[in-house]
Every structure is written in structure tokens, then in C-alpha cells.
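Visitor: The chain contents come next:
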Amino acid sequence: MVKTIALFLLAFFVGLTLEATFIHGAFPALVGPDLILILVLYLAFHWRNTPGAVGAFILGVGEDFASARFIGPNAAGNVIAFLVVAALANRIYAEKGVASAVVAFLASVAKLGGLLLMLKIYINLPLSEVTLSTALIESTLTAVITPLILRFFSPSNTLLRSPAAADAYRRY
Amino acid sequence: MSDFFRRHSLLLTAFLLLALSCQLMSISIKNAAIPRWGAKIVNSVISPIQELHHELFLSVRKVWSRYIALQNVEVERDKLSERLKNLEAENSRLIEFENENERLRKLLAYKGATGAAGVTATVIGVSGGQKGRGENRQFAGTKAVVIGHEPSNWARTITIDKGFADGVKVGMPVVDGNALVGQTIVVNTNSSRVLLVTDSTSAIDAVVQTSRAQGIVEGIWEEKLKLRYVSRELTVNVGDRVIASGLDGVYPKGTLIGVVTNVDKGTGGLFQAIELQPSADLNRVENVFVITMPGQAGDD
Numbered sequence: 008m009v010k011t012i013a014l015f016l017l018a019f020f021v022g023l024t025l026e027a028t029f030i031h032g033a034f035p036a037l038v039g040p041d042l043i044l045i046l047v048l049y050l051a052f053h054w055r056n057t058p059g060a061v062g063a064f065i066l067g068v069g070e071d072f073a074s075a076r077f078i079g080p081n082a083a084g085n086v087i088a089f090l091v092v093a094a095l096a097n098r099i100y101a102e103k104g105v106a107s108a109v110v111a112f113l114a115s116v117a118k119l120g121g122l123l124l125m126l127k128i129y130i131n132l133p134l135s136e137v138t139l140s141t142a143l144i145e146s147t148l149t150a151v152i153t154p155l156i157l158r159f160f161s162p163s164n165t166l167l168r169s170p171a172a173a174d175a176y177r178r179y
Numbered sequence: 127m128s129d130f131f132r133r134h135s136l137l138l139t140a141f142l143l144l145a146l147s148c149q150l151m152s153i154s155i156k157n158a159a160i161p162r163w164g165a166k167i168v169n170s171v172i173s174p175i176q177e178l179h180h181e182l183f184l185s186v187r188k189v190w191s192r193y194i195a196l197q198n199v200e201v202e203r204d205k206l207s208e209r210l211k212n213l214e215a216e217n218s219r220l221i222e223f224e225n226e227n228e229r230l231r232k233l234l235a236y237k238g239a240t241g242a243a244g245v246t247a248t249v250i251g252v253s254g255g256q257k258g259r260g261e262n263r264q265f266a267g268t269k270a271v272v273i274g275h276e277p278s279n280w281a282r283t284i285t286i287d288k289g290f291a292d293g294v295k296v297g298m299p300v301v302d303g304n305a306l307v308g309q310t311i312v313v314n315t316n317s318s319r320v321l322l323v324t325d326s327t328s329a330i331d332a333v334v335q336t337s338r339a340q341g342i343v344e345g346i347w348e349e350k351l352k353l354r355y356v357s358r359e360l361t362v363n364v365g366d367r368v369i370a371s372g373l374d375g376v377y378p379k380g381t382l383i384g385v386v387t388n389v390d391k392g393t394g395g396l397f398q399a400i401e402l403q404p405s406a407d408l409n410r411v412e413n414v415f416v417i418t419m420p421g422q423a424g425d426d
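Taken in order, these protein sequences are the chains called A and B.
As numbered in the working numbering, residues 8 to 179 make up the first sequence, in order.
As numbered in the working numbering, residues 127 to 426 make up the second sequence, in order.
If you are wondering where the hints come from, they were derived from the structure by calculation, not from laboratory data.
Don't take each hint at face value.
[To be verified] In silico contact screen, one side only, chain B against chain A (beta carbon under 7 Å); selected entries: (1) Thr139; (2) Ser147; (3) Leu150; (4) Gly164; (5) Ile175; (6) Gln176; (7) Glu348.
[Unchecked claim] Calculated Cβ distances over 10 Å to all of chain A for the following chain B residues: (8) Arg203; (9) Glu214; (10) Asp287; (11) Glu359; (12) Asn363; (13) Gly392; (14) Thr393.
Even for Gly, the Cβ is constructed at its ideal location relative to N, Cα and C.
One chain only, chain A, in its complex shape (with noise of 0.2 Å):
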């Protein structure tokens, strides 16, 4: 367990990073994908219940702190996103391919609605043309890499997935 959530932060550092640096330093004029919801969607995938839906805050607020702006958009876009993709998850298999993109894609706009309106709400962010385009775009190029990203934490990485799954995946 101790390793499990000591490989969930390293990833989420090497998310934030990369972020930081190669998508956001080399092209600052350029919408990113977001790579930690990424780590949500596995996250719904792999440990559907209440400690997997505390991962997904947490993580949120983790890039919350990352903004030194506000604690509180990114966590409750997150919790939306799990919420969605935990829904999704348990009528269809999602896990690969284009389906995975799909949930990636639907859960990313769960996430910025959430994450929108609270801005909205609290500091009254403008909601424009520009506003939306960039919530498409994101959502769009993280829904491209998900299925990428997603093969690399594959079903034979145990260390990864809630010991009922592996034990699941073992018995299989």
C-alpha cells in the first residue's frame, strides 16, 4: 500500500513537471494536455471506491498548490471526473484503445465544468469564445494521450492496481 501511493506521487510530480517544463516551458502560448487527470482516470479504473475518490481530491489539491492561486478548483474538478468515469466504468470496459479515449475525453470536460463554474462563482473568471476553446483543446489532447499513457501503467504492473483487482487480474 505504502509503495502503491509512493508511485501515485512520484507520478504525480512527473506529471506536474512535465507540465511545467516541456509542455507548458517550450510552447508557454500553447494549451496543454492535463496529464494528472490522467492519474484520476486510473485511478477510477483501478480502486472505484472511497479511497480512490480521496486520491482524486488530494491530487487536485496538489495542483491547486501547484497554481499558488486557490485550494478547491482542481480537487472538486477532479472528485467530478472520478465521479463520471467511475459511472462509466462499471457498464462498459474502458480501459484501452478508443473507449479509453472516450472517458478521457468526457471526463475532462467533467473536470473544467467543475473547475469553471467554481471560478466563476468565486472570482467571476469570464466564460468566453477563448475560455471554451481552450477547455475543448484540453480536453481533446489529454483524451489523444490517455490511451498512450494509460498502456504504460499496464495490467501486469500489480504494483499499481487495488489488491482486489490484482488478485482478479492473477486469478485470470
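Starting from the known structure of chain A, fit chain B onto it as the hints suggest.
Guide: Relative to the frame of chain A, chain B by itself:
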């Protein structure tokens, strides 16, 4: 009852977490030190890697531009670009001196015409502000390099390679030689986070250079700025330069913020809607100057 909670534990947990997020948001709006304290910890892990990435990125770019593409052109371009920035900053200061000259002439003419006795004075504060003495300040500072950008698409900050060890404190203004870039909000030992002027939480007390109309410049996140609370009766034209008034005691008086791109007086209300284009190229800024003013208060 317990069966209900067990069956819906995930949903109930999610609602509780959402309520907690809203509460945390309210707390962090009232007390900005809390998210910044967390940002210091995250920055301390990420900024060394940002610095390394920046060095690698620069090296690759130098090899490309000096050896594979064109030789020496990049050096000449950088020199000319630096000279242009200095000339534009000087131009902004000279325009300010010219305007002040004109105002003082008018005051002298008024005194001569009426025979009234009195003294001229400089406005140093409005409604309780006490620190704006920009004209007579001597500015010191430290050069810094931008080593990283905001990880998310929904905030506007940059990371620079100077921190406590170099005399940087929270709340110091940052310029790029020509215009205002932002203000330091999180300071680690060897790096700092700068809130850009285009961020939606940025607010600067400003004045239109020609008409002297005063207002507040706020970021609207879309790489643009808005000048708010300018009365509809005052004249502001497209192309007017907007500068910091110095009355907030943070940004030096006369520092260029942006140029007016759109003015909408509307049909009602007290104020006109004015849009600005920031004069600093915030997407391409690489070298900045952190102004360390005498008597500047910082925390931590």
C-alpha cells in the same frame, strides 16, 4: 440505514469532498498565504528540474541557431532587441516627464494669472494609500531568467531563477525592461513564482498617460487586460498608453503596462469598458528584472 450508507458510500464521499473543496476555496480567497505555502513545497521539488530543462533547452537552441542555421545573427538580434527595449523604456519615461512638465507649466500659469499663493505637490496616495512616491524612488533590483511556466492552462504564472538568496521577497514587481510583467507571489531559496499581469487575480492601480484617467488594470486571462472603473466622462482613445500610477505602493510609477486596443462607453452605467494589450510579450519573456525597492515589506 447503515446499508444505505454502505451502498452509496462513494457518492456520499464525493459530495463531502466537493463541499470540502468549496470550503477550501473560500478560505484560500480570504487568506492567500495558505495556497502559497503549499506552492513553496511544490516549487522546491519542481524548480531544480525546470532550471535543468531550461539550460538544456537553451543549449539545443544555441547549437541550432548559431551553427546549424545562421551564425552570429542571433547575437546581433539579441543586442538590437535589448537596445529597443531600453529605448522604449526611456521613451516612456520621457513622455512622462513631458506630461509632468506641461502640468507644472499650467500650474505656474494659474498662479501667475490669479496671484494666488500656494505650493505644488505630488499626489502620493488615494483613500488611505500611503506609499506612492515613484518619481523620487531609486530602484535597485536583480536580473532573472524565466525557467518555467504555469503547469495548468487556467492560471498565468512563471517561475524565475532568483529567490531569497538573491534578495527577492514576496510582493516585488517584475519588469522585462520595457513593461510590467507581474509580481512575485511565492519565493523559495533559489527560485520564485511570478503572477503575471494577465492572470485573473492580478490588479494594478493605473493611469492613462495622456488623459490621466485613473482606473484598475485587471487580467482577464485571455492574454488581455481590462482597465476598470474609468468614468464614462473621461476621454480614452485606442492607442493610449497605460502606466502604473504608483499609488498602490507596489508597482513603480510610470512603468508601462499596456496599450489601449478597445474602448466601449456603452449606453448606461458609470464606467466605460476598456481593453488593453499588455506591452510585455508574456508568452516569450525570457529575461526579467525584479525590482527591490527600499522599504518594501515582504512576508516569510
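Visitor: Now tell me, hint by hint, if it's right for this structure.
Guide: Structure-based check of all given hints:
Because the smallest distance between the Cβ of Thr139 of chain B and any Cβ of chain A comes to about 5 Å, under 7 Å, the interface hint for this residue holds. For Ser147 of chain B, the shortest C-beta to C-beta distance to chain A is roughly 4 Å, which falls under 7 Å, so the interface hint holds. Below 7 Å, beta-carbon pairs count as interface contacts, and Leu150 of chain B has one with chain A at about 4 Å; its hint therefore holds. A hinted interface residue such as Gly164 of chain B counts as satisfied when its beta carbon comes closer than 7 Å to some beta carbon of chain A; here the least separation is about 3 Å, so the hint holds.
Of the supplied interface hints, the one on Ile175 of chain B holds, with its beta-carbon coming within about 5 Å of a beta-carbon of chain A, less than 7 Å. Of the supplied interface hints, the one on Gln176 of chain B holds, with its beta-carbon coming within about 5 Å of a beta-carbon of chain A, less than 7 Å. Hint on Glu348 of chain B holds. Least Cβ distance to chain A is approximately 5 Å, under the 7 Å limit. A cut-off of 10 Å between C-beta atoms confirms that Arg203 of chain B is not in contact with chain A; the least separation is 20 Å.
For Glu214 of chain B, the requirement that its beta carbon stay farther than 10 Å from each beta carbon of chain A is met, with the minimum near 22 Å. Consistency note on Asp287 of chain B: stated as away from chain A, and its beta-carbon is indeed over 10 Å from all of that chain's, at 13 Å minimum. With 10 Å as the threshold on Cβ separation, the claim that Glu359 of chain B sits away from chain A holds: the shortest Cβ distance comes to roughly 26 Å. Every CB of chain A lies more than 10 Å from the CB of Asn363 of chain B, the least distance being 24 Å, so the non-interface label holds.
Non-interface call for Gly392 of chain B relative to chain A: holds, since the shortest CB-CB distance, roughly 16 Å, exceeds 10 Å. Distance to chain A confirms Thr393 of chain B as a non-interface residue, since its nearest Cβ pair spans about 21 Å, more than 10 Å.
Of the hints listed earlier, there is not a single one the structure fails to meet.
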